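Visitor: Protein sequence lines correspond, in order, to chains A and B.
Counting from 1, position 159 in the first sequence corresponds to residue 174 in our numbering; the numbering is continuous, with no gaps.
Counting from 1, position 164 in the second sequence corresponds to residue 354 in our numbering; the numbering is continuous, with no gaps.
Hints were generated in silico from the structure; no laboratory data involved.
Just to be clear, a hint being listed does not mean it is correct.
With the Cβ distance kept under 10 Å, some of the chain A side facing chain B (calculated, not the full set) [stated by the list, open to error]: (1) A64; (2) I67; (3) G80; (4) I82; (5) Y84; (6) S86; (7) I87; (8) G89; (9) G90; (10) D94; (11) A150; (12) V159.
Label-pair restraints from in silico Cβ distances [stated by the list, open to error]: (13) A/D37 - B/G375: 33 to 39 Å; (14) B/A193 - A/G80: 50 to 56 Å; (15) A/W243 - B/A370: 47 to 53 Å; (16) B/G375 - A/A112: 21 to 27 Å; (17) A/G80 - B/V214: 44 to 50 Å; (18) B/A370 - A/P93: 21 to 27 Å; (19) B/F492 - A/A112: 48 to 54 Å; (20) A/D70 - B/F492: 48 to 54 Å; (21) A/R201 - B/A370: 37 to 43 Å.
All values reported here derive from a predicted model rather than from experimental measurement.
For glycine and all other residues, C-beta sits at the position ideal for the given N, C-alpha and C.
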Amino acid sequence: MSWGATGLVVRFGSTAALAGVDLTIEPGRIHAVIGGDGSGKTTLLRALAEAIPVDGGSVRRPGPGRIGYVSIGGGLFPDLTVDENLDFVARVYGLSAWRDRAGELLHRAGLAAVGGRPAGVLSGGQQRKLAGILALLPEPELLVLDEVTTGVDPRSRMEIWRLVMVAAAAGSAVVVATAYLDEAERAGHVVLLHEGRVLAFGSPQSIVDAVTGTVEDVATPADPDLAWRRGAQWRQWRPAGSPAAGGRLRLEDAAIISELLAERVPRP
Amino acid sequence: MQAMIVKEFRQMRRDRRTMALMFVVPVLMLAVFGYAARFDVARIPTAVVGSPSPEVLRALGPAFDVVRRQPSGDEAAARRLLRDSKAHVVLVAGGPPPAVLIDGTELFSAQSALRHLGGLPDTRVDVLYNANLSTAAVMVPSITGFILLFVGLFITGLGVVREREQGTLEQFAVTPLRPADVIVGKIVPYFVIAFLNLVIATLAGLWLFGVPFRGSVVLFAAFGLVFLFTVLGFGVLVSTASRTQGEAVQLAILVILPQVMVSGMFFPLQAMPAGIRWIASVMPLTYYIVGMRSVLLKAAPFAALRFPLAVLVVMAVAVFALSVLRFRRELAPAGGA
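Could you put the whole structure together from the sequences, leaning on the hints where they help?
Guide: Written out as structure tokens, the structure is:
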């Protein structure tokens, strides 16, 4: 059974945060939702998780209690210890024999030694990992994670992704919003959002392959409107060029080019 | 520095609630409390039992506002009138000499009555329920109401808003918990703690200040529980109207302050003009204080307390239902169960 949305519309006042989003989410796969600030990533995830009402279209999601959700910056009770947070989730979901699974998840995330500490005193990365574990504990059919790796050090990011992959391997359909496009490259599917619409959907490679023109590293961009930084270099896009000449394109290049194109095309 | 001042003014202009708290509320409070804050009761609600001579009635003086006449009746009937809060003073003209019974739980009426009784010679004067006009006896039942109001509004309101700030409230919508589970689960601990507070505060009042507990424990519990429901409802309402804990505190102050000032806790209702008394009549604390003082000090029976208890029940149901509806909308955004 796949989950997702059809013609999904969410409005905040007169602003359409989502303006007709179609999306299919497959079990056992990781779907990375990417896009610039204000593109609708968080709104899409909240709608999928049933945390906000929708104004149009439909959402296909598992029944109550079969969704794991970590909101931006949320997902745990800072006053409770790590063990008490896990105990609360286990009680809410009516889980039995959950301690071994929780222990294994804590171990994978490098949190095995902090069970007795209040969640609020953990580092930012540890808190994000704990929030992920709490969402994973009931083995949800749909796992929705909103920027769980933002502001987290590279090692913790790796550990969070390990947890995400464990969930997908166990059959969960995973949706992860992320600001890091190198992370999104690890996902089976990428959803590129722009101004509340899906600009591109597919495997990271298919999104890269769809790019037209060439991209090359330059010291000084010839056309700054079509260039962006990578490290000390600039990446310069030439829309009329031949793809083969551009060297290896990354998802980041493809996403930026898609957004540049979308901004050039007048909205219907 | 100029940049800082400009920034601060701009922020203040956007924060309408703080602006209201700074400008509208003080003016409103000054107007309301200027009238409400009076200790001297100029017109003491008085009942006359029996048929006193015109001279006796004249000697009573203008301070005594005769609100009830019971031509046939004895002192027992007069005591019932006081117990049931039908009057603050009763003149009993059954036999010579005439007797004046004063309700000691109406502290300021009683003091005023004692001052104005000089015109009645050869009269027996009895102060009932609070013979030495102890302030503690009158204040302790009121203070318990204030404690419940405080716990209910601040602790509950902040507890719910904190969950919203932490992002955990939003997550409850995703769990198998139904909105009712979340609301009841959230409120029960506060309910238990607040009720324990009520019991401890009352026991402390009994032991430390010698306040009597003359009435029914059941009625005491009934007033406590119904009032608690109302204030917890207010707490949840405050939380649904606040995005941050700071906003919740501001709103809670706006709810608590008028109740404390015009509910009869400090200033006698009898001394307030009709407009202010009307405000008092929509405040739950007013009815709680009447009920608790009557239970503790006067041993008033259920029949005498039906009205304040019924008003509190109606308020509790209305406030609680409204708060649950608003909270539920947040917990089940998609309209699910």
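Visitor: If a hint holds in the structure, say so; if it does not, say that too.
Guide: Going down the list of hints, with the structure as the test:
no., hint, verdict
1, A64, "holds (5 Å)"
2, I67, "holds (5 Å)"
3, G80, "holds (3 Å)"
4, I82, "holds (5 Å)"
5, Y84, "holds (4 Å)"
6, S86, "holds (4 Å)"
7, I87, "holds (7 Å)"
8, G89, "holds (2 Å)"
9, G90, "holds (6 Å)"
10, D94, "holds (9 Å)"
11, A150, "holds (9 Å)"
12, V159, "holds (8 Å)"
13, A/D37 - B/G375: 33 to 39 Å, "holds (38 Å)"
14, B/A193 - A/G80: 50 to 56 Å, "holds (52 Å)"
15, A/W243 - B/A370: 47 to 53 Å, "holds (51 Å)"
16, B/G375 - A/A112: 21 to 27 Å, "holds (24 Å)"
17, A/G80 - B/V214: 44 to 50 Å, "holds (46 Å)"
18, B/A370 - A/P93: 21 to 27 Å, "holds (25 Å)"
19, B/F492 - A/A112: 48 to 54 Å, "holds (53 Å)"
20, A/D70 - B/F492: 48 to 54 Å, "holds (52 Å)"
21, A/R201 - B/A370: 37 to 43 Å, "holds (41 Å)"
Of the numbered hints listed earlier, not one is contradicted by the structure.
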